[in-house]
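Residue numbers (the working numbering), protein chains in the order written: chain D, 6 to 232; chain S, 6 to 232; chain R, 6 to 232; chain G, 6 to 232.
Be aware that a few hints might be false.
All copies of an identical chain are treated as equivalent in the list; a pair is satisfied when it fits inside any one copy or across any two copies.
Claimed, not checked - Mimicking SDA-like on lysine to any residue, the simulated pairs with C-alpha atoms at most 20 Å apart in a straight line are:
1. 158 - 195
2. 120 - 199
3. 162 - 151
4. 158 - 112
5. 120 - 150
6. 120 - 191
7. 40 - 72
To be clear, the hints were calculated from the coordinates, so they are not data collected in a lab.
All of these numbers come straight from a predicted model, not from anything done at the bench.
There are 4 protein chains.
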Amino acid sequence: MTGIDILNGGFVRLDDHMADDLSVVNSARVSFGKKTDHLTDADRGLINFLMREHHGTPFEHNSFRFHVKVPIFVAREWFRHRAGWSYNEYSGRYSEMPEHYYIPDFGNVRTQVGKPGSYTFEPIPIAEAMDVSETIDMINGHAFRTYNYLLAKGVAKELARTILPVGAYTEFYATCNARSLMHFVALRNDTNAQYEIRVAAEAVENIFGTIMPVTHAAFIENGRVAP
Amino acid sequence: MTGIDILNGGFVRLDDHMADDLSVVNSARVSFGKKTDHLTDADRGLINFLMREHHGTPFEHNSFRFHVKVPIFVAREWFRHRAGWSYNEYSGRYSEMPEHYYIPDFGNVRTQVGKPGSYTFEPIPIAEAMDVSETIDMINGHAFRTYNYLLAKGVAKELARTILPVGAYTEFYATCNARSLMHFVALRNDTNAQYEIRVAAEAVENIFGTIMPVTHAAFIENGRVAP
Amino acid sequence: MTGIDILNGGFVRLDDHMADDLSVVNSARVSFGKKTDHLTDADRGLINFLMREHHGTPFEHNSFRFHVKVPIFVAREWFRHRAGWSYNEYSGRYSEMPEHYYIPDFGNVRTQVGKPGSYTFEPIPIAEAMDVSETIDMINGHAFRTYNYLLAKGVAKELARTILPVGAYTEFYATCNARSLMHFVALRNDTNAQYEIRVAAEAVENIFGTIMPVTHAAFIENGRVAP
Amino acid sequence: MTGIDILNGGFVRLDDHMADDLSVVNSARVSFGKKTDHLTDADRGLINFLMREHHGTPFEHNSFRFHVKVPIFVAREWFRHRAGWSYNEYSGRYSEMPEHYYIPDFGNVRTQVGKPGSYTFEPIPIAEAMDVSETIDMINGHAFRTYNYLLAKGVAKELARTILPVGAYTEFYATCNARSLMHFVALRNDTNAQYEIRVAAEAVENIFGTIMPVTHAAFIENGRVAP
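Same shape as in the complex, but just chain D:
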């Protein structure tokens, strides 16, 4: 499977997986000492039952390894997911940070309306949005030029990087199972999530839905609440 491009130069790519709907059924059926090799209608019902009743463990016996490139502020939110997630990230201590930072498309330059707990977002008029995008581009470009200046002076990478913006892109491997994936997607592919992590979570969910379609359908049918 090729990757899904997001956020102007970022991506979510499935690197490998060991996952299908059948693994849920067989893990659950070990309770009854049974195993099956193809999915029946009764199995579909079982998956839906497990989801609805919050029986989460049968959804853990599978694995998705993603290779992801997103801005640091997106990675920061992603890495808050601890249970059932493993991470390895590009290191600004060991390697030079390439000049790549997030500039929102005009349509995604937004203002915040309402109060904490019930914020909504509205686009900013196009002329203003253009100025905002340019300002973001300019200040981030300035930060990277200063970073390169510090490196040229011999400053250690680990120290020079401290001036880089959280909008700079980072890369990582993230490995999870269907249960931890659904917890991530329930929170992050949601109207309350920041747009930039939402598109990443949407890509994760699309890949998940392709590989475990029955489980994904049950997730949606039960209100997108992870089991």
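Given the structure of chain D, go ahead and fit chains S, R and G onto it with the hints provided.
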């Protein structure tokens, strides 16, 4: 891969996996923004370095799903491993427990010598050992017959099972990654571990060594300490 | 706080804690850079909001250490809770198991009605129930006598214990936070849970409700779904 | 306990704790069905034995809640510790980021010598170091002024913050137990760790040593390897 038979009717069977030595290298190398598709000598050195320096996360981007049948007292010790392990077990609440319990071979009937912290075990003379095995067989058989008597009287399975011995066999799926697998193996395939879990851990380690031979060799070379 | 007696000789005892409702509020408010030293009506609203919106992390900055004595089959279900739980248990490898096993009160001898997924339980007529309790007492007593016989012959404790029933009592320390506690209580103090773990979970919930009453009220108000 | 000031305006402050050396001993002794109320020489030996033999669970029945203020790049490394750690962080989505960023003292402006895996760091000559500090101050100040400009134009906080440097300060609550604390300290209060997280980890270790002195001494005696 077929299963490994252990403990007179138990087994450890690899049900599926997403694992190879290359996944360790690529997960680690994302720190440097590099990826490779075959293992070089430098990669072998890297795996050894990661193991020695306790850089554990690159060993988490893989997955092993085992189907296991062992006595309950072995499962009890196994399930104490929480981090990086997922379990689904046969349920004595929902299903009848088949009459199957652990009887040690004569050679494994043992006595305990020494003090806490430094116990050793010695075989019991053969005549005694035969009596012990027969006694174990008899009392466990008695427990199962009583269990069946209670079921026949209509007692709920969840209540009737409370008289079954911890030597009764159970079945479960256990999914882990190489890091959590090595933690398990370091503690349980060890002279301080009880013989019965040790043979199970040895089977797990043999399967692991076949699938990730370079990682396994580095684990041994670094004193069998999990990273 | 003294312990709560359950299951004829078992108990749930709070050994120590670092927990109050205020810790939830202050952990959440760090998002806004604020701290408070007493609970206001707005704080109560915040706790309810966090529970409803499944913002779970503010409920993790506290700790409950329990000392528990229950039958092994109850401990087995309890120990399936991995995230946010720590355990240390009495060891039948190192120490002799005292003769103490679970005998259900007559009123709790039950039969199972219905199908998997929708079982209900009904009491068994009293005369039958007496016979069942006596049978359970007899076979378990027999197991313990045989256990003592094996120990007297010099059989290692770790091997002799394999014949003891899962109804034998064990002891452990269990440490958790309010979030992991609520996950336990949501599943185990529930009509679908086995009666014997339900009374243990009820004791845990009673202690929790005394120490974090506002959080507990919000848990109930939001349908007993852990955040 | 008051906080420990670090990194020019950051701090590590113990907010609350439920921890002492006795909790380790009593958790371990439940294996033998014993409990004690003061620490004996035998208990000190037991703690050392548990540390040496990697018996980690007795070190989990306690809790430390820290309130921490450090630059984002330090928080990023800290939050990689998942097992046994809970976090709540100041949110740049909900609240304005105050103008506060990390400027290294002249003595900590450093260059990197050697190769990956064996880097060492050396101070940069004072005149150069002054220029570096000033450059860092200038570019970060510029980023914060631009941030305020964007906010003034009505840009959403969550978007405006993307230009802020990873050297900007953040605040969080972090709750852990002695075992997870030792894993953090073993990796982060170490010569291989970046200076800025090292001083934070040193503060954590000092607080830990005050509260659990016998456990801390055993940690040091056994080569600073977490159990």
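Notebook entry, point to check: Which of the listed hints are broken here?
Noted result: Going through the list in order, the structure violates hints 1, 5, 6 and respects the others.
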